[in-house]
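**Q** Next come the chains, spelled out residue by residue.
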Amino acid sequence: MSEMAAPLTPAQKSTDQFEIRDYLRLDLFPHFLCPGCGHGIALRALLWAIHDLDIEKDQLAVVSGIGCSGRLSAYIDANTFHTTHGRPLAFATGLKLARPDLHVIVITGDGDCLAIGGNHLIHAARRNLDITCIMLNNEVYGMTGGQVSPTTSLDRFTTTTPLGNQEPGFDACALATGAGATFVGREVTLQTTALKILMQEGIVHRGFSFVEVISDCTEIYGRKNDLGSSPEMVLSQKRSVLPKFDGSAVDKPFRAGNWDTGVLLRKERPEYYEAYRAHCHRVLGDGKSK
Amino acid sequence: MMSQIQSNIPQRQSLQGNQACALGAIAAGCRLFAGYPITPSSEIAERMSKELPRVDGVFVQMEDEIASMAAVLGASMGGVKSMTATSGPGFSLKQEHIGYGIQAEVPCVVINVMRGGPSTGMPTRPAQGDVMQSRWGTHGDHPAIVLTPSSVQEIYTQTITAFNFSEIYRIPVVVLYDEAIGHLVDTVDLPNPESIKINNRKWADGPAEDYEPYAPDADGIPPMPLPGDGYRTHTTGLTHLESGFPTQVPEEVTRVTSRLLNKIELHRDAIEQYELSCCDDADILVVAFGITARASERAVNNARAGGIKAGLLRLVTLWPFPERILQQLVERASHVLVPEMNAGQLILEVERLCPDSTPVSGVNKFDGDPIHPDEILAKIEELADE
Amino acid sequence: MNSTAGTSAVRPAVMAAPTNVLIVGVGGQGVIMVSKILARLSQLQGLQVKQSEVHGMAKRGGSVFSHIRFGNEVWSPTIPMGEADVVLGLEWAEGLRWLRYLKPGVGTFISDTKRIVPPFSCRDRQHDARHGYANHSVAEIVNQVPSAFAPDATGMATQLGNERVANTILLGILSTVMDFPVESWREVLPEFVPPKTVETNLKAFEAGREWTTKPHAPDLNETSVVQHAMPTSRREVNLEITEAWCKSCDICVKMCPERCLALDDHQIVELVKPEACTGCRVCEWLCPDFAIAVHVSSVPIVANQAGVSTEVSA
Numbered sequence: 001m002s003e004m005a006a007p008l009t010p011a012q013k014s015t016d017q018f019e020i021r022d023y024l025r026l027d028l029f030p031h032f033l034c035p036g037c038g039h040g041i042a043l044r045a046l047l048w049a050i051h052d053l054d055i056e057k058d059q060l061a062v063v064s065g066i067g068c069s070g071r072l073s074a075y076i077d078a079n080t081f082h083t084t085h086g087r088p089l090a091f092a093t094g095l096k097l098a099r100p101d102l103h104v105i106v107i108t109g110d111g112d113c114l115a116i117g118g119n120h121l122i123h124a125a126r127r128n129l130d131i132t133c134i135m136l137n138n139e140v141y142g143m144t145g146g147q148v149s150p151t152t153s154l155d156r157f158t159t160t161t162p163l164g165n166q167e168p169g170f171d172a173c174a175l176a177t178g179a180g181a182t183f184v185g186r187e188v189t190l191q192t193t194a195l196k197i198l199m200q201e202g203i204v205h206r207g208f209s210f211v212e213v214i215s216d217c218t219e220i221y222g223r224k225n226d227l228g229s230s231p232e233m234v235l236s237q238k239r240s241v242l243p244k245f246d247g248s249a250v251d252k253p254f255r256a257g258n259w260d261t262g263v264l265l266r267k268e269r270p271e272y273y274e275a276y277r278a279h280c281h282r283v284l285g286d287g288k289s290k
Numbered sequence: 001m002m003s004q005i006q007s008n009i010p011q012r013q014s015l016q017g018n019q020a021c022a023l024g025a026i027a028a029g030c031r032l033f034a035g036y037p038i039t040p041s042s043e044i045a046e047r048m049s050k051e052l053p054r055v056d057g058v059f060v061q062m063e064d065e066i067a068s069m070a071a072v073l074g075a076s077m078g079g080v081k082s083m084t085a086t087s088g089p090g091f092s093l094k095q096e097h098i099g100y101g102i103q104a105e106v107p108c109v110v111i112n113v114m115r116g117g118p119s120t121g122m123p124t125r126p127a128q129g130d131v132m133q134s135r136w137g138t139h140g141d142h143p144a145i146v147l148t149p150s151s152v153q154e155i156y157t158q159t160i161t162a163f164n165f166s167e168i169y170r171i172p173v174v175v176l177y178d179e180a181i182g183h184l185v186d187t188v189d190l191p192n193p194e195s196i197k198i199n200n201r202k203w204a205d206g207p208a209e210d211y212e213p214y215a216p217d218a219d220g221i222p223p224m225p226l227p228g229d230g231y232r233t234h235t236t237g238l239t240h241l242e243s244g245f246p247t248q249v250p251e252e253v254t255r256v257t258s259r260l261l262n263k264i265e266l267h268r269d270a271i272e273q274y275e276l277s278c279c280d281d282a283d284i285l286v287v288a289f290g291i292t293a294r295a296s297e298r299a300v301n302n303a304r305a306g307g308i309k310a311g312l313l314r315l316v317t318l319w320p321f322p323e324r325i326l327q328q329l330v331e332r333a334s335h336v337l338v339p340e341m342n343a344g345q346l347i348l349e350v351e352r353l354c355p356d357s358t359p360v361s362g363v364n365k366f367d368g369d370p371i372h373p374d375e376i377l378a379k380i381e382e383l384a385d386e
Numbered sequence: 001m002n003s004t005a006g007t008s009a010v011r012p013a014v015m016a017a018p019t020n021v022l023i024v025g026v027g028g029q030g031v032i033m034v035s036k037i038l039a040r041l042s043q044l045q046g047l048q049v050k051q052s053e054v055h056g057m058a059k060r061g062g063s064v065f066s067h068i069r070f071g072n073e074v075w076s077p078t079i080p081m082g083e084a085d086v087v088l089g090l091e092w093a094e095g096l097r098w099l100r101y102l103k104p105g106v107g108t109f110i111s112d113t114k115r116i117v118p119p120f121s122c123r124d125r126q127h128d129a130r131h132g133y134a135n136h137s138v139a140e141i142v143n144q145v146p147s148a149f150a151p152d153a154t155g156m157a158t159q160l161g162n163e164r165v166a167n168t169i170l171l172g173i174l175s176t177v178m179d180f181p182v183e184s185w186r187e188v189l190p191e192f193v194p195p196k197t198v199e200t201n202l203k204a205f206e207a208g209r210e211w212t213t214k215p216h217a218p219d220l221n222e223t224s225v226v227q228h229a230m231p232t233s234r235r236e237v238n239l240e241i242t243e244a245w246c247k248s249c250d251i252c253v254k255m256c257p258e259r260c261l262a263l264d265d266h267q268i269v270e271l272v273k274p275e276a277c278t279g280c281r282v283c284e285w286l287c288p289d290f291a292i293a294v295h296v297s298s299v300p301i302v303a304n305q306a307g308v309s310t311e312v313s314a
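Chains as they are written, first to last, in the working numbering: chain A, 1 to 290; chain B, 1 to 386; chain C, 1 to 314.
Note that these hints are calculated values from the structure, not bench results. Cβ atoms here follow ideal geometry from the backbone N, Cα and C, with glycine treated the same way. Treat the hints loosely; a few may be bogus.
Which residues of chain B face chain A? A partial, calculated answer using Cβ under 7 Å [claimed, not checked]:
id : residue
1  : P53
2  : V60
3  : V72
4  : G78
5  : V80
6  : Y100
The whole structure should be built from the sequences, with the hints applied where relevant.
**A** Printed below as a string of structure tokens:
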């Protein structure tokens with residue numbers, strides 16, 4: 001089996017040299033996202049972070065699930081895996097365990113990650129394998145036409161909550177924190193540079209890191225709920241963020257649309273692959289292994 | 001590394017079926033096992049958790065059956081041979097990912113130790129009720145390779161074969177056996193490691209510029225890109241072109257899906273495995289697999305002793321079904337008998353392949369007990385009297 | 001008073017009118033400290049002193065000035081325009097701003113040539129933007145005022161190892177035009193500077209005095225000022241718009257701080273006010289479709305013979 005990838009250090013390459021096209025599969029453009037979709041902004045921030053960290057595209061594996069977020073992996077010029085609904089973290093777990101030399105990044109959505117994939121999220125967080133999970137939260141199932149999701153705000157209209165949603169939403173960051181993630185952060189797409197820095201820190205973090213991106217579904221969710229035009233929606237994020245700079249844990253009641261942003265949690269715990277391998281060597285001794 | 005481990009194990013061992021499966025997997029080069037506890041297959045996971053760290057492999061017990069299958073696919077896409085093991089309920093949960101493995105052509109092995117069903121059924125009792133699920137469990141048209149060992153020794157060898165087939169044909173291969181053989185302890189002769197034939201997948205090695213990950217070689221099988229080798233390909237469960245990217249253009253879908261379906265048909269001869277016993281002059285042909293084939297062999301021998309010209313076609317490859325040998329044998333046989341531990345699944349395929357003039361009967365049992373040789377013999381005698 | 005009176009020990013016996021010194025600069029340069037030293041010196045000479053100041057912008061780099069008036073009898077705390085015997089500028093533009101307070105024909109002008117260009121003097125938000133900073137050359141000023149000293153005090157202070165002692169260099173120059181005994185300056189100075197910097201400040205004081213003994217061609221000063229303040233290159237911004245990728249979401253148009261983008265007849269983004277574009281990249285960052293790429297390059301500015309850039313004087 002391969003050796004674990006060497007630790008990354010922040011910002012190895014100058015941002016001035018970032019050309020997003022170097023990281024795209026240009027044949028597939030324009031991409032399939034709707035006009036004004038926040039996922040595109042998030043994808044730029046991710047590729048920007050990857051550039052600045054000087055991660056070789058050959059050593060980068062991007063694993064995604066199903067939904068609008070799931071389609072993003074195809075546009076990245078790297079080793080990309082578009083897997084099944086809710087399971088990208090499970091695929092990524094196998095991939096990272098088999099190939100610890102790769103930098104494994106998961107792109108997932110609120111439905112993909114918290115509903116059908118909720119079980120995988122909490123266990124990936126608990127296991128603390130060195131995977132970066134980027135969850136794009138647009139509060140809706142966009143690909144299937146706008147159904148209610150585990151993060152849909154109260155009273156919002158979707159095609160399956162025609163009278164307004166009455167289910168409380170998840171605080172995904174609190175969930176990841178509770179499950180044992182060692183790096184948790186949230187940012188809005190409006191703050192592209194802050195988002196890029198947050199993603200960068202998540203990728204650098206040795207262990208399971210969870211980054212929630214507040215993204216806009218303008219065409220379906222925005223339209224259904226009269227949230228305004230694309231620029232109005234992205235600008236309204238400004239009113240909904242509560243930046244945090246102290247890295248403290250999520251510790252107060254969560255209200256959707258009122259987000260703590262920045263690095264919410266950062267702590268040290270042994271990375272799972274390294275711990276597993278080291279423990280096996282310790283117990284078995286060099287004679288029995290290798 | 002591997003030979004050193006193997007040489008530490010005595011050549012003749014008393015092994016449980018599930019443990020033989022684990023040792024076969026290690027011998028075949030499996031270096032990652034992802035699983036979830038389920039009776040009656042858990043001993044495979046337990047043995048793998050012990051063996052894998054000794055060969056620098058990884059064992060991981062995932063959060064559920066679905067995740068186990070996903071992790072196996074993820075590992076294989078990373079270039080490492082991988083396997084999972086389960087039983088009925090888990091096998092049901094894995095079906096979507098088996099489909100992904102077929103569509104994305106990811107080599108891997110799935111062990112299904114059959115128990116009584118449906119649903120939770122009878123976890124500790126044997127059955128052969130997953131014959132059709134192993135072929136058609138996942139949705140959509142798809143090829144399948146399913147191997148059915150009938151002894152502890154054969155579990156060892158067929159697990160290796162399963163890895164070889166999966167690597168050669170880039171497909172998840174199912175090894176299907178029942179609780180009775182899985183928990184059977186028998187004497188197994190482990191072959192000298194050097195004598196074990198190991199096949200590895202074809203790796204892409206040409207220039208990366210115009211590389212298409214699903215452009216097949218002449219054998220219908222595309223070489224696989226290894227992450228890190230510079231190909232940077234896209235893998236998806238969507239119907240995809242040779243380039244790896246999705247398509248919905250009818251002509252293109254027909255082309256790529258036909259290739260997927262035909263790649264196993266093309267290699268039928270190499271994949272079909274079976275064993276004939278007293279078939280040369282058989283009037284009554286018994287077709288069976290797994291534990292039931294063992295009982296059938298005894299019944300055929302007893303029938304022969306009683307002067308009845310019975311023969312046995314034991315299927316080792318269940319899918320693709322060894323069609324031509326069956327059709328050859330039924331040219332001579334006047335009756336075909338299909339004993340199986342279910343309400344009648346394999347018999348459907350046999351009937352499909354037999355001419356209307358050849359009557360096909362079954363011996364069916366789904367009460368959690370294996371079929372006794374006498375039950376099969378009684379049916380043979382009954383047919384001989386007709 | 002003139003520039004040769006510095007070493008005179010003669011104490012002014014009777015002064016018909018108070019001596020007026022105006023000390024100006026920007027926040028953080030030490031205007032107040034210099035004022036206090038001067039006030040203390042005057043007190044030691046048994047004179048009446050009045051000092052008034054405007055400060056409070058110290059942390060923001062804002063304008064700060066201090067009026068010092070001393071003599072046998074001082075009534076008003078502020079110096080009327082055209083009555084200052086000395087204008088001491090710790091920053092070039094501040095010095096020029098108060099130049100009209102100098103007694104025409106007789107007053108002494110002392111100023112650092114250091115230029116601190118405030119962001120709000122910039123005409124637009126372009127990088128290296130044109131600005132409203134005083135564009136007089138040092139030579140122009142020095143030639144206008146009979147008694148003028150324009151050293152690169154900040155540069156000299158940097159050479160001494162501490163940029164912050166520039167004010168003491170100017171104080172050294174001031175000491176050569178005032179009728180206070182030089183020993184008094186040397187005694188008072190340590191009381192008002194941080195203990196650890198006393199030695200450096202005393203060196204700076206002597207350096208200032210020494211500077212006045214050497215001839216200084218205005219051209220030399222001017223060259224150093226231009227090099228210090230003028231950009232040698234400017235940013236050129238180009239917007240590359242991939243029309244085929246634009247989906248008309250309007251985010252870039254509405255979020256552009258300069259409002260220089262618009263959707264055309266086909267609802268595709270176009271740059272309608274290229275001159276207003278600052279290359280801030282907000283459109284590039286927020287475009288979900290990667291349809292805008294901002295290319296920023298550095299273009300050298302062609303300078304004329306006098307070293308004044310064509311860009312800044314335009």
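**Q** Each of the hints needs a verdict: does it hold here or not?
**A** Right, here's what the structure says about each hint:
Among the interface hints, the one on P53 (chain B) holds; its C-beta lies about 4 Å from the nearest C-beta in chain A, closer than the 7 Å criterion. Given the 7 Å rule on beta carbons, the hint for V60 (chain B) holds: about 6 Å separates it from the nearest Cβ of chain A. Taken as an interface hint, V72 (chain B) checks out: its beta carbon lies about 6 Å from the nearest beta carbon of chain A, inside 7 Å. Interface restraint check: G78 (chain B) against chain A, minimum CB-CB distance 4 Å, threshold 7 Å, status holds.
Look at V80 (chain B): its Cβ gets to within about 4 Å of chain A, closer than 7 Å, so that hint holds up. Hint on Y100 (chain B) holds. Least Cβ distance to chain A is approximately 6 Å, under the 7 Å limit.
The structure shown violates none of the earlier numbered hints.
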